[in-house]
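Asker: Listed below are the residues making up each chain.
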Amino acid sequence: NAGVTQTPKFRVLKTGQSMTLLCAQDMNHEYMYWYRQDPGMGLRLIHYSVGEGTTAKGEVPDGYNVSRLKKQNFLLGLESAAPSQTSVYFCASSYPVREDEQFFGPGTRLTVL
Amino acid sequence: QQPVQSPQAVILREGEDAVINCSSSKALYSVHWYRQKHGEAPVFLMILLKGGEQKGHEKISASFNEKKQQSSLYLTASQLSYSGTYFCGSRGGSNYKLTFGKGTLLTVNP
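Which chain is which? The protein sequence lines are A and B, in order. So the number in my numbering is just where the residue sits in the first sequence, counting from 1, plus 77. Take the second sequence: its position 39, counted from the start at 1, is 19 in my numbering, and no numbers get skipped.
Since the hints were made in silico from the structure, they are not lab data. In this text, all values refer to a predicted model and were calculated from it rather than measured experimentally. Every residue gets a Cβ at the ideal spot worked out from N, C-alpha and C, and that includes glycine. Just to be clear, a hint being listed does not mean it is correct.
[As the list claims (entries may be wrong)] In silico lysine-lysine, BS3-like type, Cα no more than 27 Å apart, as pairs:
hint: 1; chain 1: B; residue 1: K30; chain 2: A; residue 2: K86
hint: 2; chain 1: B; residue 1: K17; chain 2: B; residue 2: K82
hint: 3; chain 1: B; residue 1: K17; chain 2: A; residue 2: K86
hint: 4; chain 1: B; residue 1: K47; chain 2: A; residue 2: K148
[Stated by the list, open to error] Over 10 Å on every C-beta distance to chain B, these chain A residues come out as not near it, computed from the model:
hint: 5; residue: P85
hint: 6; residue: R88
hint: 7; residue: G93
hint: 8; residue: Q94
hint: 9; residue: S95
hint: 10; residue: N105
hint: 11; residue: G117
hint: 12; residue: G135
hint: 13; residue: G140
hint: 14; residue: E156
hint: 15; residue: A159
hint: 16; residue: S161
hint: 17; residue: Q162
hint: 18; residue: T163
hint: 19; residue: Q179
hint: 20; residue: G182
[What the hints assert, rightly or not] Per the computed footprint, the stretches of chain B lying under chain A, defined by three or more beta-carbons under 8 Å from a beta-carbon of chain A, are:
hint: 21; segment: -7 to 0
hint: 22; segment: 24 to 30
hint: 23; segment: 50 to 62
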């Protein structure tokens, strides 16, 4: 079992460029989440999904889009990157039980110049 | 609204105890605790539910005061491996979202 994997691990973008971060899990989890982590701010939820084909906004959704076309994959898109989106992005997944642990991926460190 | 964690940072010597607190201005349904080592992903520690139920994987204890909307994580006889940033996450009702606090940096020295 690979658990939760994220691609890529590092990326540097120029302002205005676009990119997609891929999250994949092999645990058959229904729920998936995208967080961003900035120094001193903790983990903030960007978007989440409670099942294939469904997505919802979290705390800080502006500037991001997501898609969940397959149960095992959750994609996070930046259409026009801004320096304020420089961050470490974590994907997580969990079973369809509200009170269960979230399994986190290793993170993607994104720098927008 | 993010739950508030205190202290922001604590330094211990091996074998000492520590308490990390998490409080919310909103009614809590559950509190989740995670630990993150530098450069790594957060790892689940424990969930505390209304009614007193706990779900956890490690020998770390915690409490949940529903009336005060507070949770405390108790780290006893700390080990070097306890070092890291501890996050509490709160869930306020019939939704699937966790709102995390800003974290508490725990450093355990020999």
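Asker: With a cut-off of 8 Å between beta carbons, are at least three residues of the segment -7 to 0 of chain B near chain A?
Answerer: Violated: only 0 residues of the segment -7 to 0 of chain B have a Cβ under 8 Å from chain A.
Asker: Verify that the Cβ of G117 of chain A lies farther than 10 Å from every Cβ atom of chain B, and report whether the claim holds or is violated.
Answerer: 6 Å, violated
Asker: Grab the minimum beta-carbon distance between S161 of chain A and chain B and tell me whether it stays above 10 Å.
Answerer: 18 Å, holds
Asker: Grab the minimum beta-carbon distance between E156 of chain A and chain B and tell me whether it stays above 10 Å.
Answerer: 23 Å, holds
Asker: Has the given pair, K17 of chain B with K82 of chain B, been kept, meaning a C-alpha gap of at most 27 Å?
Answerer: Measuring from Cα to Cα gives roughly 15 Å; hence the hint holds.
Asker: Closest CB-CB distance from S95 of chain A to chain B, is it above 10 Å?
Answerer: 25 Å, holds
Asker: Q94 of chain A clear of chain B by more than 10 Å, beta carbon to beta carbon?
Answerer: Answer for Q94 of chain A: holds, closest chain B Cβ roughly 26 Å.
Asker: Is N105 of chain A truly not at the interface, in the sense that its beta carbon sits beyond 10 Å from all beta carbons of chain B?
Answerer: At about 17 Å from chain B, N105 of chain A clears the 10 Å cut-off, so the statement holds.
Asker: Between the alpha carbons of K17 of chain B and K86 of chain A, is the straight-line distance 27 Å or under?
Answerer: 17 Å, holds
Asker: Against the 27 Å threshold, does the CA-CA distance of K47 of chain B and K148 of chain A hold or violate the hint?
Answerer: Outside the cut-off at roughly 38 Å; violated.
Asker: In terms of beta carbon proximity below 8 Å, does the segment 50 to 62 of chain B have 3 or more residues touching chain A?
Answerer: Result for this restraint: violated, n = 0.
Asker: Does P85 of chain A sit more than 10 Å from chain B, CB to CB?
Answerer: Fine: 15 Å to the nearest Cβ keeps P85 of chain A off the interface.
The structure fails hints 1, 4, 11, 12, 19, 20, 21, 23 (numbered hints given earlier, in ascending order).
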